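Model the placement of chains B, C and D on the given structure of chain A, informed by the hints.
Protein chains in written order, with the UniProt record's numbering: chain A, 1 to 267; chain B, 1 to 267; chain C, 1 to 267; chain D, 1 to 267.
Hints were generated in silico from the structure; no laboratory data involved.
Just so it is clear, the structure is predicted and the values come from calculations on it, not from any experiment.
There is no bait here: all hints are sound.
Subject to a maximum C-alpha distance of 27 Å in a straight line, what follows is the list of computed DSSO-like cross-link-like pairs (lysine-lysine):
#1 A:Lys25 / D:Lys14
#2 A:Lys192 / C:Lys160
#3 B:Lys25 / C:Lys14
#4 C:Lys160 / B:Lys25
#5 D:Lys170 / D:Lys14
Given next are the chains, with one letter for each unit.
4 protein chains.
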Amino acid sequence: MKKIRVFVAGASGKMGQEVIRSILKEDDLLLVGASDTRHQGMDVGFVAGTQRVGVDITGPLDIDTLRSAKADVLVDFTNPQSVLKNSKTAILAGVVPVIGTTGLDEAEISEIRVLVEKENVGAFLAPNFSIGAILMMRFAKESAKYFPHVDIIELHHDQKLDAPSGTALKTAEGILEVREPMVQGHPNEYEKIPGARGADLGGIHIHSVRLPGLIAHQEVLFGGLGQSLSIRHDAFSRETYMPGIILSIRKSYELTELIVGLDNFLD
Amino acid sequence: MKKIRVFVAGASGKMGQEVIRSILKEDDLLLVGASDTRHQGMDVGFVAGTQRVGVDITGPLDIDTLRSAKADVLVDFTNPQSVLKNSKTAILAGVVPVIGTTGLDEAEISEIRVLVEKENVGAFLAPNFSIGAILMMRFAKESAKYFPHVDIIELHHDQKLDAPSGTALKTAEGILEVREPMVQGHPNEYEKIPGARGADLGGIHIHSVRLPGLIAHQEVLFGGLGQSLSIRHDAFSRETYMPGIILSIRKSYELTELIVGLDNFLD
Amino acid sequence: MKKIRVFVAGASGKMGQEVIRSILKEDDLLLVGASDTRHQGMDVGFVAGTQRVGVDITGPLDIDTLRSAKADVLVDFTNPQSVLKNSKTAILAGVVPVIGTTGLDEAEISEIRVLVEKENVGAFLAPNFSIGAILMMRFAKESAKYFPHVDIIELHHDQKLDAPSGTALKTAEGILEVREPMVQGHPNEYEKIPGARGADLGGIHIHSVRLPGLIAHQEVLFGGLGQSLSIRHDAFSRETYMPGIILSIRKSYELTELIVGLDNFLD
Amino acid sequence: MKKIRVFVAGASGKMGQEVIRSILKEDDLLLVGASDTRHQGMDVGFVAGTQRVGVDITGPLDIDTLRSAKADVLVDFTNPQSVLKNSKTAILAGVVPVIGTTGLDEAEISEIRVLVEKENVGAFLAPNFSIGAILMMRFAKESAKYFPHVDIIELHHDQKLDAPSGTALKTAEGILEVREPMVQGHPNEYEKIPGARGADLGGIHIHSVRLPGLIAHQEVLFGGLGQSLSIRHDAFSRETYMPGIILSIRKSYELTELIVGLDNFLD
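Isolated chain A, as found in the complex (with noise of 0.2 Å):
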């Protein structure tokens, strides 16, 4: 069997050691290089605390590295600053880039778009690789068609800046796709202290617990005649991302386009 050869940049950072953990731990997968600002020139496998892999920390991402790696993939948990040059000089290099860092904006992905097709070499971008993240969404949509009544509530650490989360705005505005314009609440109900119905998006109401100890968290609950409906995600750890990482390598390396969005690969 031919292996997938997967390039890693920003191997150093804590998603960019989970991602090399967890592409030693596939047959079909190949670690051929990783690059990062720290640890240049360490074993990655003793940067990502496990035993030695024979492939050392690169500096900055040129398209020679990469081609003299022979890269299928590259993966890119890097920061705002890096990714775009770097998905730039993967395509260059005819190397499929697996976009995981977010801060992209509209235009800076459109000059992925342009790329990609001249270059004839795909692209895979997702603002979230979490799968039961990303079949909480879709449920959420399919349920609202029945039960348009819908509140969400997310719960994240208190070292979370934005409220509400990305993730619940997304399963908002997916939610509003399919159900007809409406109000929520009895049309009298008043707040006694503000803010207590929380964040309210085309009707939807959005609750943001912030607390110690807690991780990354949501409920979609719908409410109908006589019933609930709940939908409910707990990532615990980095690692709920990481198996929709390994599918997203498998499904990019052959692409020709650029793909947005991991519900793509989701039968």
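Only chains B, C and D this time, still in chain A's reference frame:
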């Protein structure tokens, strides 16, 4: 607009009364008759705890009664002893039975199917009219493709005799259709007290909680790398079944075949 | 055994009827009278949907009625307009009022206290008769000593007008009595949509979910290092208040002072 | 301020490393020694993944080592083979052992008690250092006075071998101390698949869920008339035990008796 003409058998029972109240709220449905062994001769609106509707409760169903009522649909919530006879009577009268009464065995369902084909009159049968429960089972089946590890926790009032519940068993069976055969839990796990790990159906563990105060609840809990995904349905009252029954009436009245299962009427 | 003789004011209301049914089930309680503006002259058992009990519903409460009924306790579930007058009538008749009607203000409660002291007849008042809710508030207060970080999520049917619920506010107030003043969440956190972080009461965030189908639910969620602790109460029906009301009758009938709050009767 | 001088046995293990990191964060605690069979001679800060602290890991514990370190407290997270010997060594050296290692049997605990009395040096032993779990058990016991009907659902990762968990058994035992003997569920209930109703301990049903991704969770669910009350603890990481261990160090160092159980240190 032509209204769908509905006859309710078992109108004095708790489900029957709830069905009566629900039908009366729908503009496109017309209540044209009601039968029961109890309250014969009384106005069905009074029996159902609402106002006079001008329809009296009649005794045992027969073809003439259904024909003179010009019923399109017979909703049956009677009892295991009456449901087969009532369904056949309806079909012979050219009326589509929507069967909510449980207890029909395979041979009896076949009998209905044969009659449906002979008379060219449809019939609809559902073990569960709760749209929320149907969605839960559907999502569970879909989730199992990506998260094969799953436990089912079902919680009911403590007057329920059987465990696991029928819905839990159906949920597990649905999951088993899509996942590969597997054993869950550690191969060396052991019970310090028998039963701790619940009922085992094809490797899926089902846990039945019975407590006063509870009504009918089920959580399907999937575990994967660093995460869990949960789908939960809570039924708080008989009203939970009404939207599914109303939907079934609307979808059934022009049927010319036997359909089993509410999921056939959901997109 | 001497039975406690109970008179119910507001007997025809939904709570009143539930109270009637509950009293009839207890061996040590005797229903000796019932009043309401509705159903006067009807047997209260019929009105409450059970069998004849030989007690007819009478009109507006007065001292003679209570005295001739030889009542020990008056349970009042009337309305904000009647409750003060009824309570005073009871005390003057030497009958202990157990007051479930909400809406008494501080001045009115003082008026009752003064009369209680003058007449040497007790009175009992509770904003919440749910033992489960009282325990939830007690545990929340106790938990806050060790887990100062807490969010409250309360969930109710969508016909409820005010948010947050009275129980949520009381829970937060209880916690604020024991924990040091503090700010929760990251100092730089921000709301992308206003209200996302809920209502803020003394640093505690309260989130009010309103959905059809729901009844009355509350979760108090504490977060600490690597863990969370949750206390949740679900009220599914008016029955939830009955054990607290029965307990209050038993504990109140020999009172000679004004007691406020069901927690006083729990160990 | 005099600092409490702490020695950690089992410093290279996962719990040991976490304890080291936690002690280093507390101003009133001073790490004065660390032992393990692994990493001897290495700085314990490096082993624990933090910076150099100037304390090297030493080999098997003996009285001289503890004395020359002038330790006040020995925290032991070693293994069932070493814990008894270590605890006795500490007591003989005049050092209070705080014992987190599980596996001591009744006879061994008695042996420690005898030595404690003879030497007039305290000792502390806890099967569970999670403050949240201790509160859960306390609240469960208190709730059972009012809500005798209860099921316990405990959920753990699927590498756990025993079911039910030790915490679930302890929770049930605590409840059984306060409630009257009773049978739960309908007297005629039956299992269609054996085990559905869980493990039965004195009439309490315990359900053990095992799934990958989960960590350590438990819900104690009480049911009563028209309501349910739930107390749930989620442990997401080893950090969950740290506040309890730090508290135990502070409370133990002046002990002169054997104390068993963290609940003794909570108000």
